[in-house]
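Please build the complete structure, drawing on both the sequences and the hints.
Protein chains in written order, with numbering that gives the first Met the number 0: chain G, 0 to 263; chain P, 0 to 263.
Among these hints, one or two may not hold up.
Identical chains blur together in the list; that is why a pair holds if it fits in one copy or across any two.
To be verified - Here are the simulated SDA-like pairs of lysine to any residue, each with C-alpha atoms no more than 20 Å apart in a straight line:
id	residue 1	residue 2
1	K152	P39
2	K143	Y104
3	K56	M0
4	K97	M185
5	K33	L261
6	K154	H98
Hints are computed from structural coordinates only; laboratory data are not their basis.
Number of protein chains: 2
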Amino acid sequence: MFFAPASITCFFTPEFGKSHAETGSYGVGITLDKGVRAKPADRLIFNGEEIDFPTVKYVLNALKGKGVEIEADFPLGCGFGISGASALATAFVVAEEKHLSMPYYRLADLAHEAEVVNRTGLGDVVCQIHGGVVARLKPGCPSKADVEKFLWKLKLDVVVIGPLSTRDILESAKFSIGKECLKEFMRKPSVENLFIQSKRFAVETGLAEDVMDVIEAVESCGGMASMVMLGNAVFALNGYEALKEFGKPIRVGISSCGVKALDF
Amino acid sequence: MFFAPASITCFFTPEFGKSHAETGSYGVGITLDKGVRAKPADRLIFNGEEIDFPTVKYVLNALKGKGVEIEADFPLGCGFGISGASALATAFVVAEEKHLSMPYYRLADLAHEAEVVNRTGLGDVVCQIHGGVVARLKPGCPSKADVEKFLWKLKLDVVVIGPLSTRDILESAKFSIGKECLKEFMRKPSVENLFIQSKRFAVETGLAEDVMDVIEAVESCGGMASMVMLGNAVFALNGYEALKEFGKPIRVGISSCGVKALDF
Chain G
0 MFFAPASITC
10 FFTPEFGKSH
20 AETGSYGVGI
30 TLDKGVRAKP
40 ADRLIFNGEE
50 IDFPTVKYVL
60 NALKGKGVEI
70 EADFPLGCGF
80 GISGASALAT
90 AFVVAEEKHL
100 SMPYYRLADL
110 AHEAEVVNRT
120 GLGDVVCQIH
130 GGVVARLKPG
140 CPSKADVEKF
150 LWKLKLDVVV
160 IGPLSTRDIL
170 ESAKFSIGKE
180 CLKEFMRKPS
190 VENLFIQSKR
200 FAVETGLAED
210 VMDVIEAVES
220 CGGMASMVML
230 GNAVFALNGY
240 EALKEFGKPI
250 RVGISSCGVK
260 ALDF
Chain P
0 MFFAPASITC
10 FFTPEFGKSH
20 AETGSYGVGI
30 TLDKGVRAKP
40 ADRLIFNGEE
50 IDFPTVKYVL
60 NALKGKGVEI
70 EADFPLGCGF
80 GISGASALAT
90 AFVVAEEKHL
100 SMPYYRLADL
110 AHEAEVVNRT
120 GLGDVVCQIH
130 GGVVARLKPG
140 CPSKADVEKF
150 LWKLKLDVVV
160 IGPLSTRDIL
170 ESAKFSIGKE
180 CLKEFMRKPS
190 VENLFIQSKR
200 FAVETGLAED
210 VMDVIEAVES
220 CGGMASMVML
230 GNAVFALNGY
240 EALKEFGKPI
250 RVGISSCGVK
260 ALDF
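Written as structure tokens, this is what we have:
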């Protein structure tokens with residue numbers, strides 16, 4: 000069994016290169032201590048059900064795997080990078096099952112490619128293989144991207160309001176501001192500044208409209224919050240009580256680790 | 000509190016560059032699930048005692064830290080990279096304590112520099128910040144080194160026979176064979192081949208002389224073993240029973256992770 004962490008994207012700017020390997024994003028993501036656990040199976044099972052999951056299927060096809068059983072702590076399509084984490088954990092499960100002796104970054108590159116091809120993510124996998132709060136300074140697949148990261152001891156609260164399609168938004172919105180937020184964040188990499196830049200991105204792209212009341216509720220109680228990119232969800236620091244009004248908050252820690260081998 | 004994993008070097012070739020950042024080693028190391036835990040303190044304490052520990056002192060001086068309390072699972076000087084792990088964990092502890100907002104690779108580079116200056120290690124820190132079985136394909140400090148890694152599910156047994164001075168050996172022996180072992184390992188990256196190349200290195204450098212009987216005892220029981228570089232110690236797969244004759248074996252797992260933030 001392998002674990003791959005879920006992640007929250009705070010802000011980003013997509014980069015569409017000539018190849019899948021050159022496609023990715025600038026931005027900052029937070030790796031969580033919740034995520035997905037995957038083990039070998041005959042079919043593709045996600046949280047107990049057979050589902051159509053093209054991103055994971057892409058990995059299975061590439062490695063000639065029959066199936067995988069995935070148990071996820073968050074639903075798909077809510078901005079927690081579950082498609083990337085599922086692709087990633089699947090790659091490790093099949094590589095081990097089939098004794099492929101493929102190294103970490105090659106498996107990670109494959110999961111990234113699966114995301115790019117299926118337009119389910121552009122930077123989640125890069126974040127998820129490192130752990131911590133990950134700044135993607137140069138976009139691309141995991142073996143080519145440049146990152147820096149921070150191991151901050153934080154508990155965050157997240158609340159999911161509903162799903163949002165990454166694919167539609169990636170094609171319509173303008174995200175150039177993400178690169179500016181990244182630059183400002185790296186100039187002063189602190190928790191406070193991470194929230195400031197995250198909210199700035201959410202507001203200036205116009206994406207935060209539907210969750211602005213949630214963010215403001217947290218702020219009026221003295222906490223900090225922003226929108227999970229890309230999900231109809233909010234992440235907050237010191238916001239548990241305020242979030243309760245909008246759904247059931249889930250408390251998460253920041254994971255120090257990327258993919259983990261379990262049960263050995 | 001921060002955790003930094005201990006590590007075993009299987010084989011290596013030192014590279015002395017023009018700067019600390021260009022100095023490091025080629026080779027393969029195994030990151031362990033045991034290591035050091037460090038927390039803020041007024042003095043430098045290692046396993047309950049005030050000791051002279053120049054590598055850690057170097058980090059404290061660089062970050063203007065007063066002290067650190069380190070609890071280590073292995074003794075110093077036996078080949079488990081405890082000096083590197085201690086320097087690494089210390090850097091994270093002081094950076095957090097003093098709100099330095101320094102990122103992961105900068106702290107790791109500092110720990111590497113502390114090792115290079117004090118000649119206590121050339122590649123341990125690079126291995127320890129990644130987790131897994133780490134191949135150092137291009138030497139240098141953590142932010143410049145090129146690595147690939149493997150998340151293998153293995154339990155190993157190690158037995159410590161006595162200390163060995165890294166400093167003396169680094170200056171006397173010839174290690175060019177390490178690069179060849181690395182090339183052969185990457186050609187076929189498997190557990191078996193890792194032991195084959197490790198033993199080849201240990202034998203061809205002449206270092207294994209004193210522990211050859213231990214390695215052979217493991218092999219005659221159907222296991223695989225080689226010498227911990229650089230320590231008067233042996234690591235083995237399926238070797239617990241055979242090792243018991245030579246000391247008290249310690250069972251270790253491979254860590255998937257690098258430095259971890261604890262207690263939050």
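Verification of the supplied hints:
In this homomeric assembly, K152 and P39 come within 20 Å of each other (Cα to Cα) only across copies, at 15 Å, whereas the closest approach inside a single copy is 33 Å. In the homo-oligomer, the alpha carbons of K143 and Y104 lie at most 20 Å apart both inside one protomer (9 Å) and across protomers (16 Å), since each shortest distance falls under that limit. For the identical chains of this complex, K56 and M0 are intra-copy neighbours only, at 18 Å inside a copy versus 40 Å across copies, given an alpha-carbon limit of 20 Å. For the identical chains of this complex, K97 and M185 are inter-copy neighbours only, at 18 Å across copies versus 41 Å inside a copy, given an alpha-carbon limit of 20 Å.
Proximity of K33 and L261 under a CA criterion of 20 Å is satisfied in both settings, with 14 Å inside one chain copy and 16 Å between copies. Proximity of K154 and H98 under a CA criterion of 20 Å is satisfied inter-copy only: 18 Å between copies versus 37 Å inside one chain copy.
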